[in-house]
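Chemist: Listed here are the chains, written in short residue letters.
Number of protein chains: 6
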Amino acid sequence: MNRIDGRQPDQLRNIRISRNYLKYPEGSVLVEYGDTKVICAATLEEKVPPFLKGGGEGWITAEYSLLPRSTQVRNVREAAKGKQSGRTQEIQRLIGRSLRGVLDMKALGEKTVWVDCDVIQADGGTRTASITGAFIAVVDALAKIHTPGTPFPIKDFIAAVSVGIIDGAAYLDLCYEEDSRAGVDMNLVMTGAGQFIEVQGTGEKTSFSHAQFSEMLALGEAGIRQLIDYQKDVLGTLSWKVGRVD
Amino acid sequence: MNRIDGRQPDQLRNIRISRNYLKYPEGSVLVEYGDTKVICAATLEEKVPPFLKGGGEGWITAEYSLLPRSTQVRNVREAAKGKQSGRTQEIQRLIGRSLRGVLDMKALGEKTVWVDCDVIQADGGTRTASITGAFIAVVDALAKIHTPGTPFPIKDFIAAVSVGIIDGAAYLDLCYEEDSRAGVDMNLVMTGAGQFIEVQGTGEKTSFSHAQFSEMLALGEAGIRQLIDYQKDVLGTLSWKVGRVD
Amino acid sequence: MNRIDGRQPDQLRNIRISRNYLKYPEGSVLVEYGDTKVICAATLEEKVPPFLKGGGEGWITAEYSLLPRSTQVRNVREAAKGKQSGRTQEIQRLIGRSLRGVLDMKALGEKTVWVDCDVIQADGGTRTASITGAFIAVVDALAKIHTPGTPFPIKDFIAAVSVGIIDGAAYLDLCYEEDSRAGVDMNLVMTGAGQFIEVQGTGEKTSFSHAQFSEMLALGEAGIRQLIDYQKDVLGTLSWKVGRVD
Amino acid sequence: MNRIDGRQPDQLRNIRISRNYLKYPEGSVLVEYGDTKVICAATLEEKVPPFLKGGGEGWITAEYSLLPRSTQVRNVREAAKGKQSGRTQEIQRLIGRSLRGVLDMKALGEKTVWVDCDVIQADGGTRTASITGAFIAVVDALAKIHTPGTPFPIKDFIAAVSVGIIDGAAYLDLCYEEDSRAGVDMNLVMTGAGQFIEVQGTGEKTSFSHAQFSEMLALGEAGIRQLIDYQKDVLGTLSWKVGRVD
Amino acid sequence: MNRIDGRQPDQLRNIRISRNYLKYPEGSVLVEYGDTKVICAATLEEKVPPFLKGGGEGWITAEYSLLPRSTQVRNVREAAKGKQSGRTQEIQRLIGRSLRGVLDMKALGEKTVWVDCDVIQADGGTRTASITGAFIAVVDALAKIHTPGTPFPIKDFIAAVSVGIIDGAAYLDLCYEEDSRAGVDMNLVMTGAGQFIEVQGTGEKTSFSHAQFSEMLALGEAGIRQLIDYQKDVLGTLSWKVGRVD
Amino acid sequence: MNRIDGRQPDQLRNIRISRNYLKYPEGSVLVEYGDTKVICAATLEEKVPPFLKGGGEGWITAEYSLLPRSTQVRNVREAAKGKQSGRTQEIQRLIGRSLRGVLDMKALGEKTVWVDCDVIQADGGTRTASITGAFIAVVDALAKIHTPGTPFPIKDFIAAVSVGIIDGAAYLDLCYEEDSRAGVDMNLVMTGAGQFIEVQGTGEKTSFSHAQFSEMLALGEAGIRQLIDYQKDVLGTLSWKVGRVD
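Residue numbers (the UniProt record's numbering), protein chains in the order written: chain A, 1 to 246; chain B, 1 to 246; chain C, 1 to 246; chain D, 1 to 246; chain E, 1 to 246; chain F, 1 to 246.
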């Protein structure tokens, strides 16, 4: 299969993360995976949920939303419907869990990090772009309140990518049209140290073999390594703080 | 009072409307009034609400939302709360009413125009920017399906601006900091022919006299005339369709 | 146009405010603008919302509702639907804002005034009748706890009326049938000193010129002056407390 | 015990039903049991719920609400809370069931009768007053569309009353203060023919014996007989239609 | 009429209560009235609702639910609909009120007993089976924390049963098929001392006479006496605690 | 680590599936994974969601719920809260997707299969037990309407199991206590042909390496093979229908 945008099977789309995208949040980016565009904002709050009060540890929570016309067909505004869909809840739980995997809650202290991922344009991979972009917004937010010489509360880099099987072959970072045709869909979240935080493979239309799964995993790992290299470029010297007492 | 951004009392902020901002909607813009940024998308649907069925006329409806971190302090996501605030509903009713004021429902035919105004950054005047920007998105959407030689379903231009009284003096197009200090707040929606669609003056902190009200009105009218001139520039030759059988 | 009830264009309907209409509330009236009938009740609560706690100032909040058969066609009960309509929220925000405009929050102290406006019969002008009637209910409620010799927490009178344009001419205090035919609808809220609290003009069916707007404003001002005279009659000597240290 | 209003144990409060209380509904009354005041409105709709469609039978459904300040302490508006309480639902189910007991659904044909009971002032017995008053509103509504010579769709009269046990003795038609002190509370709904539609005895604070229950039942039956006599007075010659082909 | 399961008119179905049905709750049973099966669980919580705080008394509250396929036709899951039906709320209020009738709130102290009644299979009489079964679960839960020598917080036994009139004759403990045919339906809740807590007779399809009501009451009383005998068997020596300082 | 119930790392708990557990549903089982107990019911409905109408294909949808006291600490009833949690929605989406993976929608025809998984007791692995049990309920339901000689609409067996990493070592089929201690949690859904439908590995507390992931996958595959052998035993000769034209 030739990909509609001419990419190689193991090639990412054009990736761009623009820092300080908004005026007010402590950290904010516009992250682009090709035509997929997500605004990620990180907000710091000086309190934690009741179940953590007094324990000295912090918390991170994520919310996700699609603008009604981020999609080909207008999707009904969840605020108007009065409830978030199962898909939305599943995605925001995934984003929160992923970022939690690299946060040092003790070093953070009794603070909550709110992460808002609002999809402006949805051309496939919105949840993986959200994770990769939100990571940068959170680093920027926490850097603003970091006391030099103390442990920076982020232990490692984290990024995410999708892989899918179309007509029996595996492809990295699917766009919407590819995603619609994929029989199997995998989302992979991995750290800078190459450790997995989340591996989700789903046979949307067909089942998949052990061998196919391994091939997808390998494609995804290579893709995430490139994404994390790009995150380091974007952060510049700030990237040195991650995982350090700096 | 010297304005914080050095403007004259009767001076608009930098206004910018970027057309075709999104990939999927029939019409979409990013509208900026200074640091206020709103994405306006127009969607066409080939049906009308039940109460209009079979009458040969169309409908337009608007929805409005603030991204959680469009504001200085994070505002709770309405989809998560499960309901839209009174403020949100008031604003989306205003936007819908304003656009309805220049639409020719018969010429539109049995179609619904959905307008989504999503505020990316809120530095005052989000409802007026939404109206001014949504107008352009709707023109673009309707131009796509317009049959030459038939009446274009938009009868006139429409734009909106705020005016406020701070320490007894009137100022055009308030930014957030000015808005917080204003005792009186007016929103004005006016057509290209200089006719009003909506005049709303509210004594948020103090009451206001007949004379002050007239002064605000005059400032607003002059501001909207400039905004409509800019809308014409932005649309270029497409602006000729408005109000014509073309 | 001859008005259906034979009134002059600048003539109010029969206005009546019956005090102490209910047995339990601290203040309550039945207000009638012709066939429009609204029960307004004022309740005092010895606490304020969290954002005001400890500041020494009070608060006022209003709720509005239509009985299902107050209207020609039964309107669905909002408690059964599970949410208040945009129209309801817009009206209760307006009532609250209007009363807030004449309250002295410092003199009130850390109390909340709850105002309930329940429309028994809706023949046009329910929001303006609510404001005019609720004012009396609030005066009665606050008089009950007023310590002589201290500033009475109401600074001025306030009343409201609608004006509309039908077939190009302006009419005061529209009944439902007139309201349905009006192309332009204005609601005006004004104090005893002739200061505006709210001016809302809306082109429901057509736009309106600056001159027409001025004409409506003049009609409305004259109408409110009469309404406030009537409020003074209704309150009798109690009216002397308003705006005084008594 | 001497009753606080000097009544005998088996004496009703002053009962009053004012017909045609509202301008718009097909039938409407203000019903008063002493200081308890309820507006009952009956609306006819030319369709039935889906599960009855095409069967040739009609339906009746009731809704009930307390105005926020009908009670001593303000009760939170259910439309604002976004849901009806269990108590509200229980009462509206009771009202609907009671009226259904005397309706001839075949004679009604495929129509729905909507009954709205809105409590203006709640001094005990609001549900029983609602049933007694709503009956009159429904008769008035159905009389308006009745074709002489066909069966009138109401088969019999119906009224309701409460009885309670206070300090071991039984009392008819409790007011709020008595109700608060009652250990046992009974609501009785009975037809003109002396048949029960509903008997509900509840030990709110204490249990009750078979003998006490029988005593309450006897008091209630006598009370309802008086209420139905009064309903006949109120309806005048219209009362002849009930249970007849007229 | 011969009953479909060959029972005499005054005969209960096979009754079974299996204690300690679940692993985690403080008390839990599976109660069976023939094919009707309900899991009742009692949970103790060391706090009371706000309106009871500091008064030294406890509280009991009940929740009820039907599994979607406990019924012949699948009933929509209330969690998915987002609200509990009027029927559900009515039943859980009845269960709570019934158990409250035999609890000694002072002896309980500032604790809340949560009762969950989840219907696994619904063949008529689910509310009465819930009451009879929940009683045992609550005894088991409270026995676990009872200090010997202090008053046991349950004053008496309580059980419930339904009675109905089919074709003019009264039958005890209706199964679903009988219930569907019954014109009148009674639910009776009675204590070990033969005192009523609740008597609810409803003419679902027809009205009923005083004589019929008395006959139903007698059948129900006899049925509950048998149910309470069975409860004592099931509890064994634990039954001695009820109503004693033990 | 010695497992608390003495199992080997690669050993399942006692598995039991009891068919025809409920009286009314077309298919129903009680599935037990040790102390985890779930009632799974399958309902057939002769219609499909709107988006499938007229296409000749069927649909399957799943709902999941925890009884309030299925868990150690009582979890709030979702019907009372008025919404389903993110966790519930995620699980019911997983169950539906898994079953969809082995259904032949064309052979099913325009029918919907509703699957209800209600957890009676939750000792870890409720979602995997739900999938394994629901499969049997669906086979039973579809067998009832299967026309011999036509393709049976289930193409293959499907079962699910969890695997986790505790202190660096992998264990099969975690119970609740193990699950609470696991740093990594994997859920695996696999068909009789050894194809994956879903692979979800989540680093709840720690991240995991590629090698650890492979070890978990191997444990899970072996466990599911045993589960599917057991499913075949349970179904007996009915198991021959799966994947056949029979």
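No wet-lab data here; the hints were simulated from the structure. There may be inaccurate statements among the hints.
Claimed, not checked - Below, in silico cross-link-like pairs of lysine-lysine (DSS-like), each with a Cα-Cα straight-line distance of 27 Å or less: (1) F:K241 <-> F:K111; (2) E:K205 <-> D:K106; (3) C:K81 <-> D:K241.
Chemist: All hints, please: hold or fail.
Modeler: Results for each hint:
1. Our distance criterion of 27 Å between C-alpha atoms is met by F:K241 and F:K111, whose separation comes to about 19 Å.
2. At roughly 14 Å between alpha-carbon atoms, E:K205 and D:K106 fall within 27 Å of each other, so this suggested pair holds.
3. Proposed proximity of C:K81 and D:K241 is contradicted: the alpha carbons are some 36 Å apart, above 27 Å.
In summary, the structure is inconsistent with hint 3 from the numbered list given earlier, while agreeing with all the others.
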